[in-house]
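2 protein chains.
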Amino acid sequence: MTTENSQKPHDRLAAALATDMEAVSALIRERMASEHAPRIPEVTAHLVGAGGKRLRPMLTLGAATMCGYSGPYHIHLAATVEFIHTATLLHDDVVDESAQRRGRPTANLLWDNQSSVLVGDYLFARSFQLMTEPGSMPVMRILSNAAATIAEGEVLQLTAAQNLSTSEDTYLQVVRGKTAALFSAATEVGGVIADAPEQIVKALYEYGDALGVSFQIVDDLLDYEGQAESTGKNIGDDFRERKLTLPLIKAVALADDAERAFWVRTIEKGKQEDGDLDHALALLNKHGALDATRKDALEWAEKAKNALDVLPPHEIKDMLSDLADYVVARIS
Amino acid sequence: MTTENSQKPHDRLAAALATDMEAVSALIRERMASEHAPRIPEVTAHLVGAGGKRLRPMLTLGAATMCGYSGPYHIHLAATVEFIHTATLLHDDVVDESAQRRGRPTANLLWDNQSSVLVGDYLFARSFQLMTEPGSMPVMRILSNAAATIAEGEVLQLTAAQNLSTSEDTYLQVVRGKTAALFSAATEVGGVIADAPEQIVKALYEYGDALGVSFQIVDDLLDYEGQAESTGKNIGDDFRERKLTLPLIKAVALADDAERAFWVRTIEKGKQEDGDLDHALALLNKHGALDATRKDALEWAEKAKNALDVLPPHEIKDMLSDLADYVVARIS
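Sequence order for the protein chains is A and B. Numbering-wise, the working numbering comes out as the position in the first sequence, counting from 1, plus 1181. Numbering-wise, the working numbering comes out as the position in the second sequence, counting from 1, plus 1181.
None of these hints come from the bench; they were simulated from the model. Watch out, some of these pointers could steer you wrong.
Identical copies carry no separate label here, and so any pair may be met within one copy or between two of them.
To be verified - Subject to a maximum C-alpha distance of 25 angstroms in a straight line, what follows is the list of computed SDA-like cross-link-like pairs (lysine to any residue):
#1 Lys1234 <-> Ile1512
#2 Lys1452 <-> His1468
#3 Lys1476 <-> Leu1236
#4 Lys1383 <-> Gly1316
#5 Lys1484 <-> Leu1208
#6 Lys1431 <-> His1217
#7 Lys1383 <-> Pro1319
#8 Lys1452 <-> Trp1292
#9 Lys1383 <-> Glu1314
Could you build all of it, start to finish, from the sequences and the hints given here?
Written as structure tokens, this is what we have:
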């Protein structure tokens, strides 16, 4: 029998917020339906059925609960955040031409790119309908800003791909957009809806931001050193897709002439041969790029935990702190 | 020298609203920029440079002005409406795999589908940021509902394509979504921001809705009988793309067995040969499908004009009425 503390922090959060999470799920099911276009619930049911961790809505519920809010609009905001997330997944899979998501065929493969683009648009629009319901202008501004920052980060990532001169600053900008913006908005709106003091709202934002950055760096590191079984991805996908993620940026910065020629051929020109991934991994290790990336992820997780310091004691606070540790536990 | 009344109603509206339209253009230029992702202004400048008629923002400005509103937020709402429109154009071109828009290469051709999807998302998000600025919840609800209806209509169109059993009701649902929803939201929010009485707001909605439906029916009719020089499209594009638009739906409903076999082969199975378009046009004419479609468009234009009856006299009101006539003048 597992004691409470031996459970993963994510599961403990889910248990503590179970009633609210049930309400969020019911609202998501209700709002993803479409009277007129049956393709919409087909596609969204496929995604929802694939069972994500629902981390982002839990962040909103957790933040609101910690700040003493008892409803009802944290449910709408949590569902809003999940809708935005699901819409970006649908569009990401089109942009990346992905065939798998969470170990299942992607919607663009099962239906077509058209459906993924348009159902994604539908979910975006539904998320905006949902966020109007609490009637809070500050909440609407935070969430619409987050949506713009996400799209901006995705466009920046697109133009940075294959570009060897991508800096760590640009990488951070991309990560802030594509991942951290929604994490920080999720936690921030939880505080805002609860009418928490400015200092607390700021701390919630900072926690979400740092957690999101840490989360994405871990993801990018695992792309080079993870196990396909645990990540659902193959080692080296980013290398094959010529993405400039943090490990690669660090190795390129330290490359000698011969190594640079290798990166130009494989990443800039995209001429990859058998054995190139092994050579890339050897170069990443030679320059300590994987260890340096791990260190960065740990620092961001630490930053997330420190942001929580100003919050009063609460069981959810402890779980959020443990969650930051858990995010980096896979790479420690 | 042209007298005022010999000018097209669209140009007279543009002249009457020139100062406000200048402010809308300036706001669009300001908000479509992106500090971090230069690809965004490149793509949006291409679209804006292609010079649409900016009909939708004029509807918002016109409605607000007729209702006595003098600013400043009609500018934001007009820009919001144009951003939503531009975002849908970017995504439509990906969905339709179009190569031309307004006589110029499409963004998906000049850059790639990825950029069109993500820059479209950015514009959607920017539109939601913009619509929060007036701080009016009813306005936000109208515009976010419109965005959801647009996406729903586009998905419905996708699944109705190639489906010979598509009814006129389904066609109307698609048209209401993909075209009329933004027209009616554009006029409605103009009245709402001006605090116009409910009856007036309803009339503005009905005008926009009927104008939008009429506008789309004309577009679909011109696809079969227009001139490439005036429409910027080739005759029969919808036939080649196997779209069930109103003329085709009417002809299919009256088809005998041999004709039905022709439609099954060309539309359902997509096996098109030389001469098929000519044969399709002959069938459309044989069953009076083009004339019946023309009649429907004229009725919707009439409905749009009638909706304006409850509005007090105003020069803009006359221009909007003439605009409804002008929309159908190309097919009369």
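Hints and how they fare:
1. Lys1234 <-> Ile1512: Within one copy only: 19 angstroms inside a chain, 55 angstroms across chains, cut-off 25 angstroms.
2. Lys1452 <-> His1468: Within one copy, since 23 angstroms is at most 25 angstroms while 58 angstroms is not.
3. Lys1476 <-> Leu1236: Answer is within; shortest intra-copy Cα gap is 24 angstroms, inter-copy 54 angstroms.
4. Lys1383 <-> Gly1316: both (21 angstroms within a copy, 23 angstroms between copies)
5. Lys1484 <-> Leu1208: Classified as neither: same-chain Cα gap 33 angstroms, cross-chain 38 angstroms, threshold 25 angstroms.
6. Lys1431 <-> His1217: between (50 angstroms within a copy, 21 angstroms between copies)
7. Lys1383 <-> Pro1319: Classified as within; 13 angstroms inside a copy, 29 angstroms across copies.
8. Lys1452 <-> Trp1292: between (31 angstroms within a copy, 21 angstroms between copies)
9. Lys1383 <-> Glu1314: Classified as both: same-chain Cα gap 23 angstroms, cross-chain 22 angstroms, threshold 25 angstroms.
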